Amino acid sequence: MLKSAPLQIVSGAGAEDVARLLLDAVRLARRVVAASRGPRGTDAAPALIGEKVRNEAAMLLRSAWPLRTSTPDLSAELDGLADDLATRDVGELGVRLCLHPGIAIDLALVPLHLRDISRSDPRVDALLDAILNDRLHGPERPANRQLEQLWLQSLWTGEVDSTAVDAVAHSSCLAWEFDHLSGTTDDAYAFTHAILYATDHGRRRIPLPRPVDQIVADADGILAVALAAENYDVAAEILWTWPMLHIPWSQLAVEAWHLLANIALTTGFLPGPGFDEAILDRLPAAEQDAYLLQTSYHTTLVHGMLLAAAVGPAAPALPAFLTSRQTHTDPATVTMALRRAVATADIAAIATIVRDADDSGLPATPALRQSRRLLATAAVCAKLAQVRRRAAAPNTEPA
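Using my numbering, the letters of the sequence shown correspond one by one to residues -8 to 390.
No wet-lab data here; the hints were simulated from the structure. Keep in mind that a hint or two might mislead.
To be verified - Okay, derived cross-link-like pairs now, SDA-like style, lysine to any residue, Cα gap no bigger than 25 Å in a straight line:
hint	residue 1	residue 2
1	K374	A334
2	K43	T154
3	K43	H192
4	K43	A77
5	K43	G85
6	K43	L146
What the hints assert, rightly or not - With beta-carbon atoms standing in for the labels, derived distance ranges:
hint	residue 1	residue 2	range
7	D125	V81	16 to 22 Å
8	D80	D267	33 to 39 Å
9	T258	D349	39 to 45 Å
10	R196	V378	30 to 36 Å
11	A355	C89	54 to 60 Å
12	P275	T60	38 to 44 Å
Predicted model, so just to flag it, every value in this text is computed and none were measured. Even glycine gets a Cβ: it sits at the ideal position worked out from N, Cα and C.
Given these sequences and hints, build the entire structure.
Next up, the structure:
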């Protein structure tokens, strides 16, 4: 079970600010849990999915629980969130678990989290005993989802199958270089979720499938793209990499930490990818809070999980903020320029960016290495195309 721990003082961040941000995230979690049980608040954003909302709120609850004695307000709000998440209809839960045995442990995520913080319901515990002790494994899952299953199983049994977790982590996307030129948002989430589940939110140290500097280079590249796109959801999740793997923060990660914190301190939440302030301003007052929750609750909650991981007693110290010295040859800027060139199939632009980066002495980032491979492949393709054109040309030689 989780025990209370004091907030670590974070250099350059301000313990009071971190505590306030975590409190804001928990309060927003309570609001969105309540909203998810009612009718759709606005048509201006996708509707809340009640089960997803409650699952993510439960994850924030467990993440922040060891810090609950930091302030009386946080303790009270966490207690309130635990009450909000308590199972209202044990019979309905039982029917769902019985009808869907292959995903029963997924459906039990909230009760398992409440159980882990000693807030379980004896009726629910008896139900879980009857169903989860002999459950089906359900559908085939990709590696990051397999890690999720092993993590949920450890919450249920109280024991971690380290051999299985480490084996799956070594077969996950953590084991190979990320595609920085064409990788998708889903690819980024697979990376962040693998870290989240394999480490149990940073509570467990794992043997990494690659040298740590390679994983940090991938995380920095993903973070650079997220920041350039102002996708604070991916940015908050990829920032898990440093505290959950217990590795020193990179300069870009430090800058991103402070950027997200300052935005959240200013607004009281962290805007999600679908949030548009112009739309918010046009909505009737009665719909504005619903719009905020429907677009930004997830981003604010994962930021709260980041805060809890980053200020825990075992987290690496966060260096003080240093003013960014980004230039046109900054690694983050170069990565984004390369992605834009690849998206438009502009081989000449890729070659120019790589040449400029080399001339400036920029370190060999994954995006640059992948771009050099792309250029080499493009050269081979160009030669093949030239051979085919020659072969297809009409023969003008006299017979």
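Hints versus structure:
1. K374 with A334: Holds, at roughly 22 Å.
2. K43 with T154: 29 Å, violated
3. K43 with H192: 18 Å, holds
4. K43 with A77: With a Cα-Cα distance of about 15 Å, the restraint between K43 and A77 holds, given a limit of 25 Å.
5. K43 with G85: Within the cut-off at roughly 18 Å; holds.
6. K43 with L146: 18 Å, holds
7. D125 with V81: 16 to 22 Å: 20 Å, holds
8. D80 with D267: 33 to 39 Å: 37 Å, holds
9. T258 with D349: 39 to 45 Å: About 41 Å separates the Cβ atoms of T258 and D349, which means 39 to 45 Å holds.
10. R196 with V378: 30 to 36 Å: 54 Å, violated
11. A355 with C89: 54 to 60 Å: 55 Å, holds
12. P275 with T60: 38 to 44 Å: 41 Å, holds
Going down the numbered hints, you'll see the structure goes against 2, 10, while the others check out.
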